[in-house]
Each structure stands twice: as C-alpha cells, then as structure tokens.
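**Student:** One-letter residues, chain by chain:
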Amino acid sequence: MKVLCFGVAKDIVGGAELNIEGQHAQNVSELKEYLNKTFPKFLEYKSYMVAVNQAYANDEISISDSDEIALIPPVSGG
Amino acid sequence: MKVLCFGVAKDIVGGAELNIEGQHAQNVSELKEYLNKTFPKFLEYKSYMVAVNQAYANDEISISDSDEIALIPPVSGG
Amino acid sequence: MADNKIDIQILSKPLSIDACYNFVLNEKCGGIDLFVGTVRRWNKGEEVTHLLFESYEAMAIKEMTKIAKTAIEKFGLESISMHHRVGQVDLEGIAVIIAAASKHRKAAFEACEYAIDTLKDDVPIWKKEFLKDGSYWVNSRP
Amino acid sequence: MADNKIDIQILSKPLSIDACYNFVLNEKCGGIDLFVGTVRRWNKGEEVTHLLFESYEAMAIKEMTKIAKTAIEKFGLESISMHHRVGQVDLEGIAVIIAAASKHRKAAFEACEYAIDTLKDDVPIWKKEFLKDGSYWVNSRP
Numbered sequence: 249m250k251v252l253c254f255g256v257a258k259d260i261v262g263g264a265e266l267n268i269e270g271q272h273a274q275n276v277s278e279l280k281e282y283l284n285k286t287f288p289k290f291l292e293y294k295s296y297m298v299a300v301n302q303a304y305a306n307d308e309i310s311i312s313d314s315d316e317i318a319l320i321p322p323v324s325g326g
Numbered sequence: 249m250k251v252l253c254f255g256v257a258k259d260i261v262g263g264a265e266l267n268i269e270g271q272h273a274q275n276v277s278e279l280k281e282y283l284n285k286t287f288p289k290f291l292e293y294k295s296y297m298v299a300v301n302q303a304y305a306n307d308e309i310s311i312s313d314s315d316e317i318a319l320i321p322p323v324s325g326g
Numbered sequence: 052m053a054d055n056k057i058d059i060q061i062l063s064k065p066l067s068i069d070a071c072y073n074f075v076l077n078e079k080c081g082g083i084d085l086f087v088g089t090v091r092r093w094n095k096g097e098e099v100t101h102l103l104f105e106s107y108e109a110m111a112i113k114e115m116t117k118i119a120k121t122a123i124e125k126f127g128l129e130s131i132s133m134h135h136r137v138g139q140v141d142l143e144g145i146a147v148i149i150a151a152a153s154k155h156r157k158a159a160f161e162a163c164e165y166a167i168d169t170l171k172d173d174v175p176i177w178k179k180e181f182l183k184d185g186s187y188w189v190n191s192r193p
Numbered sequence: 052m053a054d055n056k057i058d059i060q061i062l063s064k065p066l067s068i069d070a071c072y073n074f075v076l077n078e079k080c081g082g083i084d085l086f087v088g089t090v091r092r093w094n095k096g097e098e099v100t101h102l103l104f105e106s107y108e109a110m111a112i113k114e115m116t117k118i119a120k121t122a123i124e125k126f127g128l129e130s131i132s133m134h135h136r137v138g139q140v141d142l143e144g145i146a147v148i149i150a151a152a153s154k155h156r157k158a159a160f161e162a163c164e165y166a167i168d169t170l171k172d173d174v175p176i177w178k179k180e181f182l183k184d185g186s187y188w189v190n191s192r193p
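Protein chains in written order, with this note's numbering: chain A, 249 to 326; chain B, 249 to 326; chain C, 52 to 193; chain D, 52 to 193.
Please keep in mind that the hints were generated in silico from the structure rather than gathered at the bench.
Accuracy of the hints is not assured; some may be wrong.
[Claimed, not checked] Derived pair list, reagent style SDA-like, types lysine to any residue, alpha-carbon separation capped at 25 Å:
{"hint": "1", "chain 1": "B", "residue 1": "Lys258", "chain 2": "C", "residue 2": "Lys120"}
{"hint": "2", "chain 1": "A", "residue 1": "Lys289", "chain 2": "D", "residue 2": "Asp172"}
{"hint": "3", "chain 1": "A", "residue 1": "Lys289", "chain 2": "D", "residue 2": "Ser186"}
{"hint": "4", "chain 1": "C", "residue 1": "Lys125", "chain 2": "D", "residue 2": "Asn94"}
{"hint": "5", "chain 1": "B", "residue 1": "Lys280", "chain 2": "C", "residue 2": "Lys113"}
{"hint": "6", "chain 1": "D", "residue 1": "Lys113", "chain 2": "D", "residue 2": "Asp173"}
{"hint": "7", "chain 1": "D", "residue 1": "Lys183", "chain 2": "C", "residue 2": "Asn77"}
{"hint": "8", "chain 1": "C", "residue 1": "Lys79", "chain 2": "D", "residue 2": "Leu182"}
{"hint": "9", "chain 1": "A", "residue 1": "Lys280", "chain 2": "D", "residue 2": "Asn190"}
{"hint": "10", "chain 1": "C", "residue 1": "Lys64", "chain 2": "B", "residue 2": "Ala264"}
{"hint": "11", "chain 1": "B", "residue 1": "Lys289", "chain 2": "C", "residue 2": "Glu180"}
{"hint": "12", "chain 1": "C", "residue 1": "Lys56", "chain 2": "D", "residue 2": "Val99"}
{"hint": "13", "chain 1": "D", "residue 1": "Lys171", "chain 2": "D", "residue 2": "Leu182"}
{"hint": "14", "chain 1": "B", "residue 1": "Lys280", "chain 2": "C", "residue 2": "Ala109"}
{"hint": "15", "chain 1": "D", "residue 1": "Lys157", "chain 2": "C", "residue 2": "Ala109"}
{"hint": "16", "chain 1": "D", "residue 1": "Lys154", "chain 2": "C", "residue 2": "Asn77"}
{"hint": "17", "chain 1": "B", "residue 1": "Lys294", "chain 2": "C", "residue 2": "His155"}
{"hint": "18", "chain 1": "B", "residue 1": "Lys285", "chain 2": "C", "residue 2": "Asn77"}
{"hint": "19", "chain 1": "C", "residue 1": "Lys157", "chain 2": "D", "residue 2": "Thr121"}
{"hint": "20", "chain 1": "D", "residue 1": "Lys183", "chain 2": "C", "residue 2": "Leu103"}
{"hint": "21", "chain 1": "C", "residue 1": "Lys154", "chain 2": "D", "residue 2": "Leu103"}
{"hint": "22", "chain 1": "C", "residue 1": "Lys113", "chain 2": "B", "residue 2": "Asn284"}
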C-alpha cells in the first residue's frame, strides 16, 4: 500500500511516499493505528486527516492497494 | 454670492456657477428657499445638500460672499 | 497619521489596480482587500452605453481622506488607497478602486467594505448614466 | 455550471492580480472584490525570512473547485478566480489571490471572504515558515 505524505508527515516518515508492505490496514482507522505505532512522532503532533482518492475520509472508510491514499496534516494554505 | 453647482443642479440652474446678486440669503435655509423660488424645478427632485467651505452644512449655518458655497444633489459616486 | 498610510486620488485617466496595490503593500501586512467598481451593461432592466462622473474635487478629496482616516482607526489598517475616476467611463471600465491592507485579513475586508459604502453615501461625486434612449443623473431622477 | 465562471490554478511562478481580475471581469458585473494574501515579516513576534508552500495538487484543485461552486451558488456570483502559489515566496510576495465578481458589491465581498476562509480550512496546501533561527510547518508545531 502506497501512502502520499505532505507537510510535517513527509518529515516524520522521511519521504513523500511511504510503502507499507503486508496487510496492516483495511480502513482509515487501522492505517492511523499502524502509522502511530510505526512512527511514534505522529503522536506529538496535532491530529492529521487521511484522504482516500483525493477526498477527506473518516475512520470507517475502507482502503485497498488500488486507492490513492494521502496523509493530510493540518493545512495552512493562504 | 457665488454658488457652485454639480450634477442635476448644474442642469437646473443652467451652469456650473450661479451668481446671486443682492442679499437674498444669510444662512443655508434662506439660500434653499431662494433657489426653490427662483428655480421651481428643484422642487421636483429629491432634496439636495448645501456645502459651505467644502463641508456639509445644515440649515442654520450662516453664509456670506466670502464663503465657498456649493449645491450637492444626492451623490452617486462609486 | 503619516501620509504614507493614505493615498487619495481623483483621476481623469483610467484607474490602475497595480497603483493602489503597490501603495498599500508592505511587509507588515498579510492581507490586502481590493474593491473594484466597474461599469455594467444592465441597470434595473435598462441598457447602459457608458457613464460620466463629475466631482466637487476639493471637497471629495476631503471626504475621502476622512473615510480613510476613520477606516485606519476603526479597523486597525496599515494603509489604504482610494482612487475615483471622473469623466467618461465605458462598459467594463473602472469607476473606483479601494485597497486596504492589514496584518490580518478580517480587518482588510471590513475596512474595504466600510470605505466603499461610506464613499457612496458621502463623497460629492455624481454619475450620469447614458442609456440607449437618453441620460440622467443617478439618484436625481424626478 | 459553465467553465468560464471558475478559474482555479496552483502555480509555481509569481501570481498575477491582473490575470485573476481579467478572468472575472465582465459586463454583467458592477463589483469585483479581490483578496490578496501576502507574506509578512512578523508573525507572533518572530521574524520571517520567507515561506515555502507545498500542495497535494490534484486534491487541492478539487477542493478549490468545490469552494468556487459553492461561492457562486450561495452568493450569486457571476465568476470567481482562485490562484494559489507553491514553492518559495519571499516577504511581500503573493501566496494567494481570490477574485469574485457580482452584479452588486455585497455578494462579491461575502463570497471572497467565504472563499479565503474555507480555503484556509479545507484545501490541502501547507506552509513552512522560515525564521531567522529555524523553520517549521505552520499549524504543525509539536
């Protein structure tokens, strides 16, 4: 599963793309759990959102390898 | 007494400056009375303001030949 | 109040958004709001061909300066520019520009709206509207 | 909704107020409001040297288009242009421009403020602030 990373999330995972091998997450909630465990630094920051196929997704949304998944830290455009 | 005329007031008096000979008006109220009598067309229009020395003036303000007096029909800038 | 905070002009040539923007821009500001009033073809169902603006220039400058000072004090603006056109203005032409700059955007929006609203109420400038079949001074139809 | 009402761009070169203005200008409109977000030197007492913007471009375009459509429907705009910069932006540089055009000015002001407020809440764009003594992602300080 490929995860796009932006802003501070890019710094935390150490790159603009994160490849997660194996079946660690079937939905957004499980993905966050996996990330917080793998990169404990996420816990120091304000909550981030997950986008699935370029739309904000809540915890229950299912995800699979064919989805475009992105980590969205608090936005700060403008 | 010289009176500057703008907008529709210019059309009514027939020029950008009106010269009033004699002592017809000692204050704004008397000036308006004189104008409405001399140019009855003023009565067909919405009320106009009088400016004395480039500031809006109410009816009681005294006027003399040395003041800069102007007729201010409803403004419509912008 | 420093003169470099306020820029008031009544001009007989086309107005420039850049001129207003460049006047108000400064490194203390994060938000600039610009209002641009343009000439539209339809007004209350009538077709407009062009407008003609005239001003009582000396008094208009005084009234606009008063508005600018109040906007700075009331909303905490850093700077404001107000340009008004006189003479003939064609369709899509610019009649007025207000630019307001402040640290934060909310004040810029509020000040800009305050300035254009008050300009329309108080500043001695008159607009003659030319229609396909005649002309009249706006706000002064019998 | 016709495409000629909405102009959304994310650009890595300096933004142009003229480009946004010219897109929204049309003879149906009497009022155009433009918001320009610029880079200021002082933020919460710290001295900024420059900013760096990055976007999740495909999603940002979608979210900005959603805002533009809502602004048109909600406020009755004729047209709207939203340009956001990415990459390095220096002091006094432009980060974002919103231009909103409508028949009457009130709607232009309201729509422009709605659009920038919502952009700042929803659009996946991130700003890294560079200070004299370090840098950090805005809204993401631990």
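**Student:** Hint by hint, say whether it matches the structure.
**Tutor:** Here is what the structure says about each hint:
1. Under the criterion of a C-alpha separation no larger than 25 Å, the hint pairing Lys258/B with Lys120/C is inconsistent with the structure, at around 31 Å.
2. Distance restraint check for Lys289/A and Asp172/D: the Cα-Cα separation of roughly 24 Å lies within the 25 Å cut-off, and the hinted pair is therefore satisfied.
3. Taking the CA atoms of Lys289/A and Ser186/D, the gap is near 18 Å; set against the 25 Å cutoff, the hint holds.
4. Between Lys125/C and Asn94/D the CA atoms are separated by roughly 22 Å; this keeps the pair inside 25 Å, and the hint holds.
5. Between Lys280/B and Lys113/C the CA atoms are separated by roughly 24 Å; this keeps the pair inside 25 Å, and the hint holds.
6. At roughly 11 Å between alpha-carbon atoms, Lys113/D and Asp173/D fall within 25 Å of each other, so this suggested pair holds.
7. Distance check on the hinted pair: Lys183/D and Asn77/C sit about 19 Å apart at the alpha-carbon level, within 25 Å; holds.
8. Taken as a hint, the Lys79/C and Leu182/D pair is honoured in the structure, with Cα atoms around 15 Å apart against an allowance of 25 Å.
9. Distance restraint check for Lys280/A and Asn190/D: the Cα-Cα separation of roughly 19 Å lies within the 25 Å cut-off, and the hinted pair is therefore satisfied.
10. A C-alpha spacing of about 22 Å is found between Lys64/C and Ala264/B, which places the hinted pair at or below 25 Å, so the restraint holds.
11. Straight-line distance between C-alpha atoms of Lys289/B and Glu180/C comes to about 20 Å, which keeps the hinted pair within the 25 Å bound.
12. The hinted pair formed by Lys56/C and Val99/D meets the criterion: a straight-line CA distance of about 23 Å does not exceed 25 Å.
13. With a C-alpha separation of about 21 Å, the suggested pair Lys171/D and Leu182/D falls inside the 25 Å cut-off, and the hint holds.
14. Taken as a hint, the Lys280/B and Ala109/C pair is honoured in the structure, with Cα atoms around 22 Å apart against an allowance of 25 Å.
15. About 29 Å separates the Cα atoms of Lys157/D and Ala109/C, which puts this hinted pair outside 25 Å; it is violated.
16. Restraint check for Lys154/D and Asn77/C: the C-alpha separation of about 31 Å exceeds 25 Å, so the hint is violated.
17. Between Lys294/B and His155/C the CA atoms are separated by roughly 41 Å; this puts the pair beyond 25 Å, and the hint is violated.
18. Taking the CA atoms of Lys285/B and Asn77/C, the gap is about 55 Å. The hint is violated against a cut of 25 Å.
19. Between Lys157/C and Thr121/D the CA atoms are separated by roughly 20 Å; this keeps the pair inside 25 Å, and the hint holds.
20. Between Lys183/D and Leu103/C the CA atoms are separated by roughly 53 Å; this puts the pair beyond 25 Å, and the hint is violated.
21. Of the pairs offered as hints, the one joining Lys154/C and Leu103/D holds, with about 19 Å between alpha carbons and a cut-off of 25 Å not exceeded.
22. This hinted pair does not check out: Lys113/C and Asn284/B have alpha carbons roughly 28 Å apart, beyond 25 Å.
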